[in-house]
Amino acid sequence: MLIPLDYYRILGLPIQATAEQLQQAHRDRTLQLPRREYSEVAIVARKQLLDEACAVLSDSDERKAYDASFLAKTYDRESEAAQEAKHQRSKTSAGTATVLQDAGETAPAESKPLEAAPDPHTPSIEIDDNQFVGALLILQELGEYELVQKLGRPYLNNGSIAIAEGRFGDPQLVRPDIVLTVSLACLELGREQWQQGQYENAAKSLEAGQEVLLRESLFASVRGEMQADLYKLRPYNILELLSLPEEKVAERRRGLQILREMLQERGGIDGSGDDRSGLGIEDFLRFVQQLRKHLTSSEQQTLFEAEAGRPSAVATYLSVYTLLAQGFAARQPSMIRRAKLMLMQLGRRQDVHLEKAVCSLLLGQTEEASRALELSSEKEPLAFIREHSQDSPDLLPGLCLYAEHWLQEEVFPHFRDLANQSVSLKDYFADPKVQAYLEALPQDAETANEWVVVQPRSGKPAARLQPAAGRSPAAVTPPSAQQGASTVTLTPVPAETETAASGPKFQATAAAASTAAAVSLPTATAGQPADSTSKHRRRQHSGRSGATGKALTGDLVDRARTKAAEISTQVKSMPRNRLALFLVAGVLSLLLLWFILSLLASAMQALSGPSLQGEQALVGLEAAPVEIPAVSAAPEPGTAAPVSGAITEESAEQIVQGWLSAKAAALGPNHTVEELKQVLTEPALSRWQLMADAQERNNAHQRYVHKLQVNGVKTNPTNPDRAQVEAQVAEKAEVFDRDQLVSSRNENLRVRYDLIRQDGQWRIMDWQVIK
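Under our numbering, the first residue of the sequence shown is numbered 1, with each subsequent residue one higher.
Treat the hints as calculated values from the structure; they're not laboratory data.
Possibly wrong hints are sitting among the right ones.
[Said to hold, decoys possible] Listed below are the simulated DSS-like cross-link pairs for lysine-lysine, each with C-alpha atoms no more than 27 Å apart in a straight line:
| hint | residue 1 | residue 2 |
| --- | --- | --- |
| 1 | K379 | K433 |
| 2 | K732 | K707 |
| 3 | K204 | K248 |
| 4 | K248 | K293 |
| 5 | K677 | K707 |
| 6 | K714 | K677 |
| 7 | K64 | K47 |
Bear in mind the structure is a predicted one, so any value in this text is a computation, not a measurement.
Please construct the entire structure, taking both the sequences and the accompanying hints into account.
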């Protein structure tokens, strides 16, 4: 049979090679043995072809005759190629420009199918049938991957009579050799396409090679190499599929499915599972950031809300961004309110007061927006807001301008369907649907214990979701975002620094090209607990004038100013000595009551008649004459009962379980807060009462399922009225907004509770998550 090979290519030499070069090339090629999986039949056939090429080219007469034939075929092939190129140019000049594709979007040209028989103008050699496996092996080594598949696959499909009859040698050895050569050609072709940025084609080539090996049940190690490459290729394949036009529904759906498979294997966006892609947490967060611009807002909402339920703090934050963007663009404040409820869960662990201020502003809750700004420790955004509120008694003009810039420059660009939309707060508040919703929404502040001041802290973050500028998505290294894109950095913080009840911390950072001058605002007020969560946020701001922000506020700002003026007037009109007067009146009332009771006691003694005569029974006040059994009122099922006496593991479990029951009742649909007083004391009691009141005002509630295991109890050696309890708490929570489930979480935490004994009863002062 004829094989499209020539002796020079077999030895890897040019036609001008000397005799010494021929001998050296022959020795090198002979010593470079193929993979160990090949049989001796393939190795011997390959060596026969190497020996034959060296023998022909080493003989001067035979080489001269071979060169004449070789050059004639090469010249004919080049002449034909030139004629074809000339014909194509003439067709193009005649007006057939329709075959051209858009610049910058040209798809890679497909290889011209090879004919079953060698091209008569292509140099070829005639080989024996038993050298066929060796020839395939040499073609595979030379990188002729398509040609190997073209020549080898017909002998594998549906079985081959030629192989079964032993035409190429022992069928038990030859067939595995052909299978191996074809599959290796698929492997190398896939890697070559990967390097060229043809990720979908690369995946198809690798899958085709796997299919051959699986069908033949051969070479598991080679199949493992292909699978490993497929795992590493998935991020690139996802990006290529999701970047397709939205009309390519099936392809984009396939990209989303592959992404969900990766997320499942990793255990979420910020999970530590192994998806075998080779991407660490930081690299995967950059990858998620890069693909967001290829997803629509609805696709992101479906994806990230599902991921937030794992639970995942990063996915929850991305869900907040999605709900904010969709709610603003579609004029649906209910979605913004859902985003705010999610922020309430995140607010226990990091500073998201700025996001809360924007949500409150878009919901018309101007007073709460101002309070959120006071709690925020974001220096640069606050400097921008203050700069554009200089002529106003409050920060609302600057907040309006900041919110508009933030949505336009940092939120909308990350959504495929919103990137080109403009943002206008004036148009948003003028929409009848928005006005109707805001009028029906309670204007009370949604104050909760979870909104605390979170101070920034230095230190290396655990992971960041931000693209590295200037790196090409087509590179073989992990994908990263293109240069110049605004980013959102999500940085998980080690769980041992948490001070709230659950979940990993993370930092939310919006990177910017320019920042305003830093102006510090108060980050804590008296009586407010401070958390030590790290935070480094950079936000991008535009240089628009403050007048634009003032114009955007309209009636919203006037209403806030009027309400603030009324409150200020009432405070100023209150007498300074009112509290003292109340105290004096209270003391006098107590004295008068004591005097009246004394007179009544004297009168009763006078009316009681003569005293008893004779010997009386000895009855003392220190003991009852008859033993009276103690009667204790059993607490109602499901209520928290105070615990007294020495602290033990059993009593500690009762105390903590009482707190968990009280928490479920206070934040549940009935908002029963009475039980909190039986198990909590300050400072925890006030915070959780405020939390329950805020959720009741806004028709929000939570449902809890707890599992508790006390690990140890430690009494303070210097103060027997103080103790610490360590417990493992499994908490499953569902958050509802007007009976609609908006988020859920499932956490397993190690918590240290601080207890104090007051009036003989143990109560919980505070707690800290230690793992």
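Do the hints match the structure? See the list:
1. K379 <-> K433: 35 Å, violated
2. K732 <-> K707: Holds - the C-alpha atoms of K707 and K732 are around 9 Å apart, at most 27 Å.
3. K204 <-> K248: 18 Å, holds
4. K248 <-> K293: Holds, at about 17 Å.
5. K677 <-> K707: Measuring from Cα to Cα gives roughly 22 Å; hence the hint holds.
6. K714 <-> K677: 23 Å, holds
7. K64 <-> K47: The hint holds at about 23 Å.
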